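> Chains as they are written, first to last, in the working numbering: chain A, 1 to 492; chain B, 1001 to 1369; chain C, 2001 to 2424.
Calculated directly from the structure, the hints in this document are not laboratory data.
Only a predicted model underlies this, so the values are computations on that prediction, with no experimental measurement involved.
No residue lacks a Cβ here, since even glycine has one placed at the ideal position from N, Cα and C.
Treat the hints loosely; a few may be bogus.
Listed next, the in silico DMTMM-like pairs over lysine to aspartate or glutamate satisfying Cα-Cα at most 25 Å (straight line) [stated by the list, open to error]:
1) K320/A <-> E2340/C
2) K403/A <-> E2019/C
3) K327/A <-> E2328/C
4) K2023/C <-> D394/A
5) K2233/C <-> E2068/C
6) K2323/C <-> E2360/C
7) K1232/B <-> D271/A
8) K403/A <-> D2004/C
9) K2323/C <-> D271/A
10) K2323/C <-> D321/A
11) K2233/C <-> E2092/C
12) K225/A <-> D1224/B
13) K166/A <-> E1200/B
14) K127/A <-> D1224/B
15) K228/A <-> E1172/B
16) K178/A <-> E298/A
17) K2177/C <-> E2328/C
18) K1232/B <-> E227/A
Some residues of chain A that are not near chain B, with every Cβ distance over 12 Å (derived) [unchecked claim]:
19) N12
20) I29
21) T31
22) C46
23) L126
24) H131
25) K241
26) A283
27) Y314
28) D322
29) A400
30) E406
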Amino acid sequence: MSAEPDSASAQNITAFFAELSRIYSADRILTNNAQLAPYESDGLTCFRARPCGVVLPETQQEVIDTVRLCHRFEMPFIARGSGTSLSGGAVPIENGLVIAMNRMNKILDYDAEQLTAVVEPGVINLKVSQHVAGDRLYYAPDPSSGPVCTIGGNVAFNSGGAHCLKYGMTSNHVLGIKAVLPDGEIVNLGGDSLESVGQDLTGMFIGSEGLFGVALEVTLRLLPKPEKYYTLQAAYDSLEKAGNAVAMVVASGLLPGAMEIMDRLSMDAADAAIGAGYPQDAAAVLIVELEGTTDEVEAEMPLLHSVIEESGAYIVEAAKDDAHRTKIWTGRKSAFSAVGRLSPDFIVQDGVVPRTRLAEALAEIERLSGEYGIRVANVFHAGDGNLHPLVMFDGREEGALHKAEELSGEIIRLCIRLGGSITGEHGVGLEKRMYLGEMYGEDDIEFMHRLQHAVDPQKLANRGKKLPAATAPALLTRGAHPLEKQGVIFRD
Amino acid sequence: MTTSSMHRPANIEELQDFVRASQNIRVCGAGTKPSLSSGAIVSTSGMSGILEYEPSEYTFTALAGTPLSEIRDALAENGQLFPFDPPLVEAGATLGGTTASGLSGPGRFRYGGIRDFILGVKMVTGEGRAVFGGGKVVKNAAGFDIPKLVTGSLGRLGVLVELTFKVFPIPETWTTIRADFRGLDTGNLAMIRLAMAQEELQCLDLEPSGRLWLRLGGLSAAVDGRVDRVRKLLQQVDAGVNVEVLSGTDDVHVWDDAREFRWVPENYQLIKLPVSSAQVVTAEQLLTEAGFESARRYSVGGNVLWLAIPESVGSDEVDRLCQQLGRPALALTGSWSDPQRGPRQGQAFAERLLTVFDPDSRFETAATA
Amino acid sequence: MQHDIPVDQIGPLGLPMAEAVQKCVHCGFCLPACPTYQVHGEEMDSPRGRIFLMKEVLEGNVALDEAEPYVDKCLGCVGCETACPSGVPYGELITAFRATSETKRDRSAIDKTLRRFILETLPYPGRFRMAAKLGGVGRIFRKAMPGRLGDMLDLLPAKLPAAQPLPEVFPAEGERKGRVALLAGCAQQVLAPDINFATLRVLAKNGIETVIPKQQSCCGALAAHTGAADQAKQFAKQNLKAFPTDVDAILTNAAGCGSGMHEYELWLRGEPEQAAAEEFVKRVCDVSVFLAKLGIVAPPELQTKTRLAYHDACHLAHAQKVKSQPRELLASIGNLELVEIPNGDMCCGSAGTYNIEQPETAAELGNQKARAVISTEPDVVATGNIGCMTQIETHLSNVVFGKRIPVLHTMQILDRAYRGEPLA
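Between the sequences and the hints, there should be enough to build the whole structure, so can you do that?
Structure (structure tokens):
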């Protein structure tokens, strides 16, 4: 161990691992370099941290025992799913413990009539829909990493996807959670009914980025699968026109399941990856998907076509069949990773702007891109105003990361300025924590710190994520704040 | 509710001053759910009005004391509605009161309840601090989800001041289908089948007699086809089912009556019980065994039982039912030592959070009085 | 992904490895496609994890011997390449990594012996035949054998088919439409000589004359994928010399060999033959690809309705991106119902010498595959790789009771169809 964790001595670490080995067989405690290195980062590789160990629990009791042990030894920990976070949310805590949930992957209960499934947190998002497909049901949240990411990770980050406009995010599809709090206490939040009584603790737990503990069991709400999808691709000669088309669709009273825009760069990347066949000369392509009963969708189709034609699209093409629809979506959902073909490194931003400011935001991003001389690809959930600018750089060039981060910061501030959010669905993680204080007031941030403190006074659970390092910039220069002395506010 | 001792702060600063100077604070909106607002000393009615509404954003922000009817009308002018179909709109319910009580109506079956559409909140906590949580755009993952937490919190965490919600377009046309099944069992079976089906129903309610209410919303061009399909599904459960299709004002009245609880007999107390459709038959049996009079409606595809019982029925009876069903309950009317009945979950988590929202226990709901 | 691989210090394979690492964005889309990740659920046993590990080893941050167990566990199925949106040439990376690290490895005595034994027998049909025969004898002493040697024996057939020497030229039937050269394969010649003869007959039936160069050697894939770079280079160089240039194509009928030959340019990077290899590779293709492009004579309809499950060999589907062609050929047979195996992109666990080197993982994958095959209730299974055939046959017999499901090569299926013989 090259360095000790903040709050555990070397002696403690030996004792900690001795206790761990009472919970796990040797092959489920990983400690050598080759075992730890691959856990160092998630989907955002510019952040890395080496944990002191990784454990692979197979039962809820093992997770509970592990969290209690961490609490006893003041060992910081993170529960990790598939490590697909794009905000650094699943980066380990330096010299802390990683609880890898991948083997907790059983679907515990499935009740088609009640439209619910109870799953362990390591279950892969897409596996849920596959499991219930026989009853023509599905689990609605569809992050692009759906075939990879876990429900536990989705819960921690309130993951979204392409179909949030109509159906919302993860928290709108989770009815209940059994969790272990950072001090080892077990709580049952919510239940299996769509309705509840009392404050919505389930909603509060979701999106807490692991700060409130580890989910052990999640009750999901399932939906009947739409009978018909009608997926339309429209090509535009400018991003702005595509953006305006979104506003026009909304104004028409239609409520599509998804509205997505890809710019030229991201189309090129996705084309190279899967041969998606996007229009070669388009500056932007808009994907609109209607879904519902056949009767309803067929009635909506002409309306959608007239709106799209009016919006100035020069090619309008509907998916011919299921295979074509899959291709359109695979291309869209591969776009982030496919940008790896254009650039060795990139930062994915996740800001949200009011839909009416979409065109303005895109124009400003383009201007910033030119000013910084950095390529920015754009692929986004236009229906939600959720941008995903991909800021490209080559990490081996001196100062390139720093410059890319600066540009990313400008984009985040732009979203705040336009009345939006710094993150729509990827979470704050490590990467955006310094911007949280610009979206919320100083008091609000301090309040969030106090909430964390109330649940986890030692900051063991995913320490250092989501919230900025210090409660207020002033604290950095003035020494201990009176509130800090009283134990009301804290810094990392 | 209209006693002279009631404080009506006109803005957030006045409210903060009031909170800092008070103890045993209970909050009320319009008082449409008397068991939740009895003994209130502060009303949000002085803080009313829509602050922002941009139809193309699908969002609005309004002060907590704003009557739902005012917002509903503003939305309707722009072809939009509350997707969670809040109850007691005609009765005068406010946005804040509805949020704090966590109530949604029959239309929440399609897209989700009030917790699913709340985006942002500004509130005053027990320390008199103004706290903002969530955001004003339809999608936001920054910060803790305080807006969801306060939904249903019954005023225990603070006074809601300003709320932002997501809204949806109004379907071009509405149609209601009434299906009279022979009894509860068959009606419940039909409800389960329809909930699983791909018909995209807006509402799905069941009366204990076996009468099933379904509502479709969408383009008028598609209505006939959709109604036919639903009819076939209903007939698959019972070929002899009596099906009637209602539209226009007939359709509207059905759901207005459900939303306003006009079916609740005079002097009955109204209780909300979250259940599941698997419990409908059991619940009916338990109520028969309990031996007291009641009126019931199973709403949201059997996910909520609205139970109306005479005032003479004691809380013990309700507690027993909660225990037997393993469900919590919330009394909206009547006089209760604690309107929240039955098991409570997640107390360890709730208690920790409460130390931040209300460290000095200034907020008393009827629940903790 | 950012890296500090000292490209210049590594030699000719440094650059392709660095480029592969650089392309990886660590998104994890490869995880569900990786057989070892499905079995072990550990990051080190995933493509993303192994890329990271290889990078760390190349940068000098992680010791090779710590990383080896995880690199070794990779089947080389390259299912991850198909899944990868950013286009990481994973197969190239791991082959190059194994080649550069082998010389630095410290293997145990048993490991070394086993490895030498494999590399000195499998690629040489004569030696392999002898060893396999001895294996039949060894079976009597199965219980006394150490684990991995015993596992190896289990995969050998109880009785070998008689050796059949291949002709140097196999003429076309009727008018000659083309001329190709065929790689005969090594283990395949011993275990299932009929595959080559079926291939020759099917080609002939479609007017193709085939030459089988006498001087050809093993393709070298086995050596390359286990890190025996020098041996692989020798084989590649010999084949560059042995195969004629005046043919329409150089055909392979074993997926592993085909994908191996497509890598000649990589193996010979920095060698004088590199340019020749580049040209050679362009002419190599699987027999199914050649025939599908040619368009085949429709076989007569089968006498009885037959359900056929087609298994995608990883080195065809993932490494050579050949999925539709064998299916097209099979679909041209009347009265044959082609069914898809669920989770068909997943490796069967054969992967060259994998079932010898990583028997537990291989067995788990083999059983999973057998169960998936059985779920389709097929009368016969077809695939384009001898390794998969052996593996699936072995595990099918572990799983099914009573009914034997034959596992045949796509060419054997076509051959039987042309000859009016039943498939099952």
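> Each hint should be assessed against the structure and marked as holding or not.
Hint check:
At roughly 23 Å between alpha-carbon atoms, K320/A and E2340/C fall within 25 Å of each other, so this suggested pair holds. The straight-line distance between the Cα atoms of K403/A and E2019/C is roughly 23 Å, inside the 25 Å bound, and the hint therefore holds. For the proposed pair K327/A and E2328/C, the alpha carbon gap of about 21 Å is at most 25 Å, so the pair holds. As the CA atoms of K2023/C and D394/A are separated by approximately 11 Å, the hinted pair is consistent with the 25 Å bound.
With a C-alpha separation of about 23 Å, the suggested pairing of K2233/C with E2068/C holds against the 25 Å cut-off. Distance hint between K2323/C and E2360/C is unfulfilled; the C-alpha atoms sit about 28 Å from each other, more than 25 Å. Simply put, K1232/B and D271/A have alpha-carbon atoms about 45 Å apart, too far for the 25 Å limit, and the pair is violated. For a cut-off of 25 Å, the pair hint linking K403/A to D2004/C stands: about 20 Å separates their Cα positions.
Taken as a hint, the K2323/C and D271/A pair is honoured in the structure, with Cα atoms around 20 Å apart against an allowance of 25 Å. Distance hint between K2323/C and D321/A is fulfilled; the C-alpha atoms sit about 21 Å from each other, no more than 25 Å. Note on K2233/C and E2092/C: the hinted pairing holds, with a Cα-Cα distance of about 15 Å set against a maximum of 25 Å. Between the alpha carbons of K225/A and D1224/B the distance comes to roughly 21 Å, so the proposed pair stays at or under 25 Å and holds.
Of the pairs offered as hints, the one joining K166/A and E1200/B holds, with about 13 Å between alpha carbons and a cut-off of 25 Å not exceeded. Under the criterion of a C-alpha separation no larger than 25 Å, the hint pairing K127/A with D1224/B is inconsistent with the structure, at around 36 Å. For the proposed pair K228/A and E1172/B, the alpha carbon gap of about 20 Å is at most 25 Å, so the pair holds. At roughly 42 Å between alpha-carbon atoms, K178/A and E298/A are farther apart than 25 Å, so this suggested pair is violated.
With a CA separation close to 20 Å, the supplied pair K2177/C and E2328/C stays within the 25 Å bound. Pair hint K1232/B plus E227/A holds up; C-alpha atoms about 16 Å apart against a cutoff of 25 Å. N12/A, annotated as away from the interface, keeps every beta carbon of chain B farther than 12 Å; the closest lies near 26 Å. Consistency note on I29/A: stated as away from chain B, and its beta-carbon is indeed over 12 Å from all of that chain's, at 29 Å minimum.
Chain B leaves T31/A outside its interface by the beta-carbon criterion, the shortest separation being 32 Å against a cut-off of 12 Å. Distance check for C46/A against chain B: the nearest CB is about 20 Å away, which clears 12 Å, and the non-interface claim stands. Taking the minimum C-beta to C-beta distance to chain B, about 20 Å, the non-interface status of L126/A holds against the 12 Å cut. Against the 12 Å criterion, H131/A stays outside the reach of chain B, whose nearest CB is about 15 Å from its own CB.
Taking the minimum C-beta to C-beta distance to chain B, about 16 Å, the non-interface status of K241/A holds against the 12 Å cut. With a least CB separation of 23 Å from chain B, A283/A remains clear of the 12 Å interface cut-off, as annotated. Every C-beta of chain B lies more than 12 Å from that of Y314/A, the closest at about 24 Å, which supports listing it as non-interface. With 12 Å as the threshold on Cβ separation, the claim that D322/A sits away from chain B holds: the shortest Cβ distance comes to roughly 16 Å.
Listed as a non-interface residue, A400/A keeps its Cβ farther than 12 Å from every Cβ of chain B; the least gap is roughly 27 Å. With 12 Å as the threshold on Cβ separation, the claim that E406/A sits away from chain B holds: the shortest Cβ distance comes to roughly 20 Å.
Checked against the numbered hints given earlier, this structure breaks hints 6, 7, 14 and 16; the rest are met.
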